[in-house]
Amino acid sequence: MKSLKNHISVILSLFILLFSVQFSVVIYKIIQDQNKKLIKNYSIVLVSNKKINTLDLQKIVKEVNLVSKISPKKIVNKLKDSMSSENLTILKISLPYFYSITLNTLPSKDRLNKIKSKLLALKQVTRVEIFTKTYESIYRILQILQLITYIFTTIIALMSILLLFKQIRIWILEHEEKIKIMGYFGANYWVKSAFLYKLVLIDSFISTSFVSSIFIFLPKSLYIQKKLDALNIDIPKFDIVYDASLLFGIALLLSLFIVAIVSRQMSKK
Amino acid sequence: MKHVVQAKNLCLGYGKDEPIMTGVDLNISSHDFIFITGKSGSGKSTILKSFYGELLPKKGNLKICGVDTKNLKNSKLNLLRRYLGIVFQDYKLIESWTIEKNIMLPLMIGGFSKSVCETQAEKLLRHVKLTHKIGKYPLELSGGEQQRVAIARALAHNPVLILADEPTGNLDNYSSEVIWNLLKNAREHLGTTVVVVTHHIPSTIGINYKHFFIDKGGLYEVS
Chain A
1 MKSLKNHISV
11 ILSLFILLFS
21 VQFSVVIYKI
31 IQDQNKKLIK
41 NYSIVLVSNK
51 KINTLDLQKI
61 VKEVNLVSKI
71 SPKKIVNKLK
81 DSMSSENLTI
91 LKISLPYFYS
101 ITLNTLPSKD
111 RLNKIKSKLL
121 ALKQVTRVEI
131 FTKTYESIYR
141 ILQILQLITY
151 IFTTIIALMS
161 ILLLFKQIRI
171 WILEHEEKIK
181 IMGYFGANYW
191 VKSAFLYKLV
201 LIDSFISTSF
211 VSSIFIFLPK
221 SLYIQKKLDA
231 LNIDIPKFDI
241 VYDASLLFGI
251 ALLLSLFIVA
261 IVSRQMSKK
Chain B
270 MKHVVQAKNL
280 CLGYGKDEPI
290 MTGVDLNISS
300 HDFIFITGKS
310 GSGKSTILKS
320 FYGELLPKKG
330 NLKICGVDTK
340 NLKNSKLNLL
350 RRYLGIVFQD
360 YKLIESWTIE
370 KNIMLPLMIG
380 GFSKSVCETQ
390 AEKLLRHVKL
400 THKIGKYPLE
410 LSGGEQQRVA
420 IARALAHNPV
430 LILADEPTGN
440 LDNYSSEVIW
450 NLLKNAREHL
460 GTTVVVVTHH
470 IPSTIGINYK
480 HFFIDKGGLY
490 EVS
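Quick mapping for you: the protein sequence lines, in order, are chains A and B. Taking the working numbering, the leading residue of the first sequence gets 1, the next gets one more, and so forth. Taking the working numbering, the leading residue of the second sequence gets 270, the next gets one more, and so forth.
No lab work stands behind these hints, which were simulated from the structure alone. A quick note: this is a predicted structure, and the numbers were derived from the prediction, not measured. Careful: at least some of the hints might be erroneous.
[Unchecked claim] Cβ pair distances, simulated, as ranges:
#1 A:F257 with B:E446: 50 to 56 Å
#2 B:K383 with A:I170: 26 to 32 Å
#3 B:L408 with A:F210: 34 to 40 Å
#4 B:T388 with A:Q265: 54 to 60 Å
#5 B:G310 with A:Q265: 28 to 34 Å
#6 A:L12 with B:T388: 53 to 59 Å
#7 A:K5 with B:E287: 44 to 50 Å
#8 B:E287 with A:L201: 21 to 27 Å
#9 B:K383 with A:N104: 55 to 61 Å
#10 B:K383 with A:L158: 39 to 45 Å
#11 A:I170 with B:S472: 47 to 53 Å
All C-beta atoms, glycine included, are put in the ideal place defined by N, C-alpha and C.
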């Protein structure tokens, strides 16, 4: 019973740690997805005397995703009735090039202004217009949410690590006599600590399984799905191979590291 | 190996306190059966601790199985202990392990296969007449039986030297006699050197032995 209680303490610490890590990964992915949606809510229009391509602009502004030409055909067609065909031809020749620019990230307002200045600094560029919807406040909320999640995850992770340290110290104290007896017969560090490594391996596996199950099955619940649909949020899918391996790796590496530190500290006493 | 234990001008003590033993000169040859006696607190256990590397010499030299114990590193100490079999007054059996697993401990540490460990444990349980207790845990056995398990464990890896710290200190006369017979057999049949720290030497021991007495921090041979 006591041993089960000790196991639960480690499993619970690892579970909380892995849950907070996976939770922050999910929040990060959701925010990235929302950012992509927000990017569609604004556009940059550039007027230039000379032809411009995506590569040229990417050299100056790294966030540039695509530069697409805006055809003046529509406007010219509207003037068909009020202008002679000769004048229209002259107008067509003298018209500058119009481009629409899309970015691959969602920049802040300051960054957008900097991008505008950079583009205007080009000789051939005569005008840059940024048409934005009121995305700035949403963008800020998303950034705050991300920051809060990271702070929350860091605090939880630190607390879990402290709990793990404490629990592994208790394990070693409980097995102190056994470790000492093994030492009398010439057991080296690895033989004496083998059981600890075995225990953390099992506990890492159990805690990873629990967290993986939650992130696989919870988004499938009708209640959650309904709530997320209402908010227009898509929960990223849990990749059983990649995500679960990553969580198991984190749990195992961290617990092995703690066992190594604590057992070496205690063997020196 | 002529001398299993060689001590020259050995000085032993704990921390910065006054040394408990000084100027100890001792040579223990292979196949010897040694008794070390003395009053309580005289340093009997201290000298034995130095033999299994629990306590390192403050001054002087101490060689166990040819290994100099001065500035002994952990890795070398572990190797040295694989040549020793230690028997404690309080048995020091692992309570959460069955008695056969306890006996297998030195063999497991030595890297022997599971089948070899099991065969040897069965053989030793027969030798100490505890076959009927297979599968039991130490706390399910009497004190005498636990000490028999401890001796079986000490013999499991055919050690060069057995160090016994008051092995019969907590036992009744019958159990004590069984333990003495096991230690005598180890010397006679396996050729193991035996060093026993005890309050008094049993009158019925019936073998040739050497007797050392500790008094006022010195070790003296009793002829």
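Hints numbered earlier in the text: which of these fail when held up against the supplied structure? 4, 6 and 8
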